[in-house]
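Enquirer: Single-letter residue listing:
Protein chains: 2
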Amino acid sequence: MRVTFLGTGAAGGVPLYGCGCTACKRAGNTPRCVRRPCSALVESGDTRVLIDAGLTDLHERFPPGSLDAIVLTHFHPDHVQGLFHLRWGKGLRIPVYAPPDSEGCADLYKHPGVLEFRALAKFEVFTLGKLTLTPLPLIHSRVTFGYAIESLAGGRFAYLTDTAGLPPRTLAHLQSWRADALALDCSHPPRTGPANHNDWTLAAEIVSSIAPGQAWLTHVGHQLDEWLLHTAPVLPAGTTVAMDGDVIEVAGRPGHP
Amino acid sequence: MRVTFLGTGAAGGVPLYGCGCTACKRAGNTPRCVRRPCSALVESGDTRVLIDAGLTDLHERFPPGSLDAIVLTHFHPDHVQGLFHLRWGKGLRIPVYAPPDSEGCADLYKHPGVLEFRALAKFEVFTLGKLTLTPLPLIHSRVTFGYAIESLAGGRFAYLTDTAGLPPRTLAHLQSWRADALALDCSHPPRTGPANHNDWTLAAEIVSSIAPGQAWLTHVGHQLDEWLLHTAPVLPAGTTVAMDGDVIEVAGRPGHP
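For the protein sequence lines, the chains are A and B, in the order given.
In terms of this note's numbering, the first sequence has 62 at position 62, counting the first letter as 1, and numbering is strictly consecutive.
In terms of this note's numbering, the second sequence has 56 at position 56, counting the first letter as 1, and numbering is strictly consecutive.
Isolated chain A (complex conformation):
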């Protein structure tokens, strides 16, 4: 199973419009440091699934027929806004699997165009080609699912954005599931106060609790990038801060099917 981080940014991305911090200036001068809307492409054999649709150039990145499905974590604009254009396509249908959110986003349900929305239920496994996916409830301001994704060819990958902590049942599921790779919301540097996303401290705790083979932090805000530049903290073993364009190969570990 191959995972491509198409976007690793928090809402607003990096550089943040109008911001002059070191991280935003660096991204303004270094394409490799730009963070676009958080999303990933998951491939296994000839199966290709896009997780989240916040990139606004999906119609240019993915020619008709090149995606088996889109799977949404939730309906915030930075995770679905690419659908506003894609939906008006012609001569194809695109299945879009999503949490059971009765509102959706703007008029997507009213005018779905070529999109076929299919509401998922928590913990109810579904199959897309060579991938099986289990929706895992997360903790966010809208109904949000992470996904435990397994390839028939081997390899277990958990994708968990957007969230602030994990519900007990989701955590328990992941602790027994033993992910080979984990992508986890880590939007902020260490901080206190109410949260809608993981900060660095909470993300590190979750990585330790789940103990995946490898962990990738994503949904990164400019303040976290800035903090990383100035603090250079020691990352937990096997943990990487993902960048746009990073590609990882997820293979099963000994003891996995």
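Same chains, same names: a pair is fine if it fits in one copy or spans any two.
Keeping only pairs whose Cα atoms sit at most 25 angstroms apart, straight-line, the calculated SDA-like set for lysine to any residue is:
id : residue 1 : residue 2
1  : Lys25     : Gly91
2  : Lys110    : Gly18
3  : Lys90     : Leu228
4  : Lys110    : Asn196
5  : Lys110    : Pro100
6  : Lys130    : Ile248
7  : Lys110    : Val143
8  : Lys110    : Gly91
9  : Lys25     : Asp57
10 : Lys122    : Ala69
11 : Lys110    : Arg36
12 : Lys90     : Arg32
13 : Lys110    : Arg142
14 : Lys90     : Thr231
15 : Lys110    : Gly165
16 : Lys90     : Asn196
17 : Lys90     : Val34
18 : Lys110    : Ser141
19 : Lys90     : Val241
20 : Lys110    : Pro194
21 : Lys130    : Gly45
22 : Lys90     : Gly193
To be clear, the hints were calculated from the coordinates, so they are not data collected in a lab.
Given chain A's structure and the hints, the job is docking chain B onto it.
Expert: Chain B only, in chain A's frame:
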């Protein structure tokens, strides 16, 4: 007054995703024939106003401070989706003038970020730098305003999308106002049946009724481009089908202030 057609496309744009018609194939091979979300930049002296925000790269096109305001015709996604990213900016405020639509689009009102929404009232004139604007009700599936825009330096420009026909009071206003230039919704080739946009026939009638110095047809769908390729109809005098990037200078006519 200078007007730049930043986008001249109907929802879905040209090329339409997945479409193989002659117009979509041509646009796929000819950047000049691409039609992006319908929007325009209006400038007079150092005043710069963006009409509609459907382009998703506004944060790249317009550095902080380069726009005096954004003026919206209505809250359909293809006219506002660029705001989803722009709003998370830092260190600036962007006034966004809009029709009185209590819902807005998605969570723009709930999380406006740097956007300052200001609801307009029909026919109540407002001033932005060297421009005065009069909101004109249009006929569309959401509350929608066109704008009669006058430069203090001379020149009258009417921008009328999205609409199917014109309400009597709007038409009367424009007939007495004598626009030097008109940009008008013309989404479809001649057709029958219920409409949410002008077709070619209705647009031509409106141009004749208003009798502007020049008319530019915009919000063009791929079927209209296809029809124009195959039919080559005679355009009404002084009328042009706008293309993305077209720039027009609007000067006052004799008898205007």
